[in-house]
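Protein sequence lines, in the order shown, are assigned to chains A and B.
In terms of this note's numbering, the first sequence opens at residue 1 and continues consecutively.
In terms of this note's numbering, the second sequence opens at residue 1 and continues consecutively.
Any given hint might turn out to be false.
[What the hints assert, rightly or not] EDC-like cross-link-like pairs, simulated, lysine to aspartate or glutamate; straight-line CA separation at most 16 angstroms:
(1) A/Lys-205 <-> B/Glu-55
(2) B/Lys-316 <-> A/Glu-132
(3) A/Lys-177 <-> B/Asp-19
(4) A/Lys-177 <-> B/Asp-20
(5) B/Lys-48 <-> A/Asp-50
(6) B/Lys-48 <-> B/Glu-92
(7) A/Lys-177 <-> B/Glu-18
(8) B/Lys-316 <-> A/Asp-136
(9) B/Lys-361 <-> B/Glu-389
(10) B/Lys-316 <-> A/Asp-185
(11) A/Lys-166 <-> A/Asp-141
(12) A/Lys-60 <-> A/Asp-50
(13) A/Lys-84 <-> B/Glu-318
(14) B/Lys-366 <-> B/Glu-403
(15) A/Lys-84 <-> A/Asp-50
(16) A/Lys-34 <-> B/Glu-42
(17) A/Lys-34 <-> B/Asp-84
(18) B/Lys-96 <-> B/Glu-55
(19) A/Lys-84 <-> B/Asp-313
(20) B/Lys-162 <-> A/Asp-173
(21) B/Lys-163 <-> A/Asp-173
No lab work stands behind these hints, which were simulated from the structure alone.
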Amino acid sequence: MEKFALHKGLVVPLDRANVDTDAIIPKQFLKSIKRSGFGVNLFDAWRFLDVGQPGVSLSKRQPNPDFILNESRYQGASILLGRKNFGCGSSREHAPWALADYGFKAVIAPSFGEIFFNNSLKNGLLPIVLSELEIDGLFHDVFGFPGFQLTVDLESQKVTTEDNAKSFNFQIDPFRKHCLLNGLDDIGLTLEHVDEIKQFEKRHKLHQPWLFN
Amino acid sequence: MLKTLYDKLWDSHVVRTEDDGTGLIYIDRHLVHEVTSPQAFEGLKLAKRRPWRVESIVATADHNTPTTDWDKGIEDPISKLQVDTLDQNIKEYGSKAYFPFLDSRQGIVHVIGPEQGATLPGMTVVCGDSHTSTHGALGCLAHGIGTSEVEHVLATQCLVQKKMKNMLVRVEGQLDTGVSAKDIALALIGKIGTAGGTGYAIEFAGPAIESLSIEGRMTLCNMAIEAGARAGMIAVDQTTIDYLRGRTFAPKGDLWDQAVSYWRSLRSDPGAIFDLMVTLNGSELIPQVTWGTSPEMVVGIDGRVPDPEQEKDIAKREGIEQALQYMGLEPNASLTDIEVDKVFIGSCTNSRIEDIRIAAKVVSGKRVAPNVQLAMVVPGSGLVKAQAEQEGLDKIFIAAGFEWRQPGCSMCLAMNNDRLEAGERCASTSNRNFEGRQGAGGRTHLVSPAMAASAAVNGTFVDVRQILSE
Chain A
1 MEKFALHKGL VVPLDRANVD TDAIIPKQFL KSIKRSGFGV NLFDAWRFLD
51 VGQPGVSLSK RQPNPDFILN ESRYQGASIL LGRKNFGCGS SREHAPWALA
101 DYGFKAVIAP SFGEIFFNNS LKNGLLPIVL SELEIDGLFH DVFGFPGFQL
151 TVDLESQKVT TEDNAKSFNF QIDPFRKHCL LNGLDDIGLT LEHVDEIKQF
201 EKRHKLHQPW LFN
Chain B
1 MLKTLYDKLW DSHVVRTEDD GTGLIYIDRH LVHEVTSPQA FEGLKLAKRR
51 PWRVESIVAT ADHNTPTTDW DKGIEDPISK LQVDTLDQNI KEYGSKAYFP
101 FLDSRQGIVH VIGPEQGATL PGMTVVCGDS HTSTHGALGC LAHGIGTSEV
151 EHVLATQCLV QKKMKNMLVR VEGQLDTGVS AKDIALALIG KIGTAGGTGY
201 AIEFAGPAIE SLSIEGRMTL CNMAIEAGAR AGMIAVDQTT IDYLRGRTFA
251 PKGDLWDQAV SYWRSLRSDP GAIFDLMVTL NGSELIPQVT WGTSPEMVVG
301 IDGRVPDPEQ EKDIAKREGI EQALQYMGLE PNASLTDIEV DKVFIGSCTN
351 SRIEDIRIAA KVVSGKRVAP NVQLAMVVPG SGLVKAQAEQ EGLDKIFIAA
401 GFEWRQPGCS MCLAMNNDRL EAGERCASTS NRNFEGRQGA GGRTHLVSPA
451 MAASAAVNGT FVDVRQILSE
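If we strip away everything but chain B, and leave its shape as in the complex, we get (with noise of 0.2 angstroms):
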């Protein structure tokens, strides 16, 4: 039977399976931070269990951390003892890594995992985090669970689910430079909406994607549970392969070889059946700007700003007036006219090293526009700052007005004082753009770092394929 790379992941780690078709799956890495794993351990040790296998576990602390005067630790003593609670349960039961709070490869959790190597294809994968979905980008089944979920791993290495369905997504041709995965990403969410991938598994492939690079693929599988999608994959090809070899945890010597032999069928057989496909195209696509407060209110640097009197549907048309009220926008206001307070660079969706390298060819020899308050970077890991810094892209940054941090993933959702105040406008490249996400009150334009990059140099939203023109 020909079988997607989805259907592969999954019937390689099946352990049973029940009379109704529910499964139970084997999990090979388990992802631990701090805000979902306290309940977790806390139900352990009532229960008097153990983990079943602690080397499957990889921990950071990342949601609360600062990214400010690390020298100073942790201020807040609530965020403090979840940070401490984490230390204390890795310490009490153990892992196979753990990188606390001012290590100098701590970052945000779904940064670290490829970077360690300690994320393989083939591998099934799960966080208390929904953003999980991408580590999909190396070809593994990652997906985010709850804390339920996260103590049912730690006792039984093993999770209780329901086969999704398979959706192929298709990006045909090549994208325009200064056009990124994030854009790729935006526009499916803008197309199929926020619950079009709800039930399924998407593999994203394509001439496009193809041409992706690995940190590229992560931020589209990362944002594949905007579209409803717990998981979202691409198959393995050298571009994997070559991302993989040398890193810490990634197999050595034979085993990488025999490795490497298994990884290249983790690709969906030619034929194989998807109960959906959407094909995009990649030429035609450019920049994608959210309007609203929810990531499929989104349209190209081109668009304006809908009016809910143009919209048919009453559901849809109240959720627009909703959105432009609390975004403060007027209906048919160009996106170029919108002017931003704050601009964050950051995110388990755009802080990789390949992030911040367009977002600093495009401020070079720039200034920080003077209605932008605060424009902020936030790298994904230590290790990411570290590589940047040898790039000398910080100087550039620091130059051009802005601010260079510490790695965590800070104003994406605000768990640390980075946060926007009520009414602040943000070119933000997190995922979410939620009301409230970044702050009560805030206001968030989910962009790429090539875009966010130019807000922050022209005070608005602008054409990034303008500004690298110039």
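Here chain A stands alone, though its shape is the one from the complex (with noise of 0.2 angstroms):
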């Protein structure tokens, strides 16, 4: 997984509450057996005046002049400003891929559902939850000031305006954070414990034997 520590980047605004997974990335893209290039499918049913089909490309699609995301003043977006359960639906991990292969680095939102916010997490993409007042107040400046950008510290945990003028505390889970700042993947972590886990399996077989049939 690649390092998260600090970005600086533009955000847009996604005004709208429950935003599912097949939204983020409609169900005819699932069938790649790949973990890249899903970007240009994001949201593509809302982005896009065509009905999208795998393997189309850019050039050839007609994109919807109303959608956010083809708005002039997003283009290089790198940071999503949502409303509430944010990736709701389906556990498809395709939607943090199509996310983060577009370009976005974080998601920020009053709450998010649980199966995307673990899957964006393992994919370097951070899911921010700030409070619904918050929000509110970062959709008002996004509006209102065209290249509006937020900096996102890891580290310290804070979401800061350019200006400096407001800044606002996250928090993170401690193992994902340390993860996420030296890009470390779960499972070569999981495996330095290899011995308690196969310590567990005996205890577990010799309690029920059946599972082990």
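Assembly of the complex is requested from the two constituent chains, each provided in isolation within its own frame, with the hints serving as guidance.
In structure tokens, the structure reads:
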């Protein structure tokens, strides 16, 4: 996993609640057996007027001029500002893959779908929870000030506006923070405990032998 | 200390606990399907790792498989590659059981696990699929995971997890005839919202739950994720044990007796503390129909589509307006005036034998309404299909004008050719009415199998209790 420490970037606001993973990356793109290349189809049904199919190049598509990601002022955005329950729905990791592949480094919302939240952390995409009030303020700012940027500092767990006028603290699980800062993958860390897993397995087999039949 | 069922399941699988409370949890059963596993197997291969315990793996192809013309194979080359990739991975690494495309026992992963006795009480069960919560109906801890976690479980047989909070949903009373587990699920989501269960493991209990069959319990636990909860579960009782006896992978002989005596302890201790409790009155519950683009946008069949003008909260009002526009519905419309174009009976929520039986009972001797262009039944597995055919249910559906299909996920998420066209309206027994879920521009109304069957023969939504009493 790529390390995440400090990121400064343009913010794009997606002003709707319950953005589900079907919206983030529709089902027809889940047929890929790769982890990459999903960014071109991020928010496909909202971003384009034509119905997307796998393998069709971006130049052949009809962008929806009314969708916020297509507005010129948000080109190059790397921080997505969302509403509550962002990423609800299916467990598809293709959703954070698509967001990261498009160029997003962080998603800021008042709450997240749990599986999406976990999946994001495993792909160097930082999901940040701020309060509804703080999010409301950020929506106001980003609509009001073209070029509005934020700095996300994982080490100090702070999101700060460019002029330093506003700063918000966020919580993150210490283990996840450690993994992100160091670009560590879980599997390597878990395999440091091989002996404990083996010992557990032995006890487990003794208690519930039918599970090992 | 008094423990909830979830506490017991968690405690019996903790390998180690970090100072901050993060647990390393041992996984007993790993269900695998073709969509969320290829990248995990690839990661394993790149890191030159082997699966920790292949006997924990039960695999099937379900999302991409066609429900017609099986003799032609999988025509879409991209779908075929994904299914072939699963074939190759299982061939290379092994599994306890694999039910590939065309196998007589193939089916939706959440139908075949319990059907084969491959998911058992007391287990931890994971799958790269959010509807893994289904298996909690058997008194196990079951939840969906992402592909990175699929790889993690393959490599280590464990998951790094934070313990969830405990929620108890008690359903008092008894359901009326024609009212089902699906209606409990939808009514609950209507009450607590799609994020109401976020961070919780939900245990369902109470007289109405105890009266449910295992099939009904699976429907309910399946939808826990639509309430935001990754895991739903129900205590083990005699119904659970009777369901499992004799199934292919269920223990036999002395091990069975030993297992049953342990399984009977899998219930929350009386007086155990829950972080949150929600109560529903099952006796007052009526059939539910969703009207919007989120499962929480739901009302009883006697209700009306909401009027955004009446909503004071601006965000909610905008949400209602967006949903009504997408769904092509007018405020205050009566649900019984809404005409449907297609009817889908299937999915991991509602494709088991009991679902098919009740739908057949509703359509028996009737005809699909002229405005309904397609009504289809997609059994959850080859074995469900065979059982239904043995009972003659296929003939009832075909005589009524339904299509009787091969098993798979089908139009629940439309990864194969079964899908809605833009603007088409569907009465669906699936679990998600998100925009585009059943096909770009498609309009989904979530209902029970009995209500979907009623809509098929009536042409509009109608209270199934009315149809059954005719």
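Each hint tested on the structure:
1. About 13 angstroms separates the Cα atoms of A/Lys-205 and B/Glu-55, which keeps this hinted pair within 16 angstroms; it holds.
2. Annotation: proposed proximity of B/Lys-316 to A/Glu-132 holds, straight-line Cα distance about 14 angstroms (limit 16 angstroms).
3. A hinted pair counts as satisfied when its Cα atoms are at most 16 angstroms apart, and A/Lys-177 with B/Asp-19 qualifies at roughly 15 angstroms.
4. At roughly 12 angstroms between alpha-carbon atoms, A/Lys-177 and B/Asp-20 fall within 16 angstroms of each other, so this suggested pair holds.
5. A distance of roughly 42 angstroms separates the Cα atoms of B/Lys-48 and A/Asp-50; the hinted pair therefore is violated under the 16 angstroms criterion.
6. A distance of roughly 13 angstroms separates the Cα atoms of B/Lys-48 and B/Glu-92; the hinted pair therefore holds under the 16 angstroms criterion.
7. At roughly 14 angstroms between alpha-carbon atoms, A/Lys-177 and B/Glu-18 fall within 16 angstroms of each other, so this suggested pair holds.
8. About 15 angstroms separates the Cα atoms of B/Lys-316 and A/Asp-136, which keeps this hinted pair within 16 angstroms; it holds.
9. Simply put, B/Lys-361 and B/Glu-389 have alpha-carbon atoms about 14 angstroms apart, close enough for the 16 angstroms limit, and the pair holds.
10. About 39 angstroms separates the Cα atoms of B/Lys-316 and A/Asp-185, which puts this hinted pair outside 16 angstroms; it is violated.
11. Among the hinted pairs, A/Lys-166 with A/Asp-141 is consistent with the structure: their alpha-carbon atoms are about 11 angstroms apart, no more than 16 angstroms.
12. A C-alpha spacing of about 10 angstroms is found between A/Lys-60 and A/Asp-50, which places the hinted pair at or below 16 angstroms, so the restraint holds.
13. Taking the CA atoms of A/Lys-84 and B/Glu-318, the gap is near 14 angstroms; set against the 16 angstroms cutoff, the hint holds.
14. At most 16 angstroms may separate the alpha-carbon atoms for a hinted pair to count; B/Lys-366 and B/Glu-403 meet this at roughly 14 angstroms.
15. With a C-alpha separation of about 28 angstroms, the suggested pairing of A/Lys-84 with A/Asp-50 is violated against the 16 angstroms cut-off.
16. Using a Cα cut-off of 16 angstroms, the hinted pair A/Lys-34 and B/Glu-42 holds, with the two alpha carbons roughly 9 angstroms apart.
17. This hinted pair checks out: A/Lys-34 and B/Asp-84 have alpha carbons roughly 14 angstroms apart, not beyond 16 angstroms.
18. With a CA separation close to 4 angstroms, the supplied pair B/Lys-96 and B/Glu-55 stays within the 16 angstroms bound.
19. Using a Cα cut-off of 16 angstroms, the hinted pair A/Lys-84 and B/Asp-313 holds, with the two alpha carbons roughly 14 angstroms apart.
20. Taking the CA atoms of B/Lys-162 and A/Asp-173, the gap is about 9 angstroms. The hint holds against a cut of 16 angstroms.
21. For the hint pairing B/Lys-163 with A/Asp-173, the CA-to-CA distance comes to about 13 angstroms; that is within 16 angstroms, so the pair holds.
The structure is inconsistent with the numbered hints 5, 10 and 15, although it conforms to all the rest.
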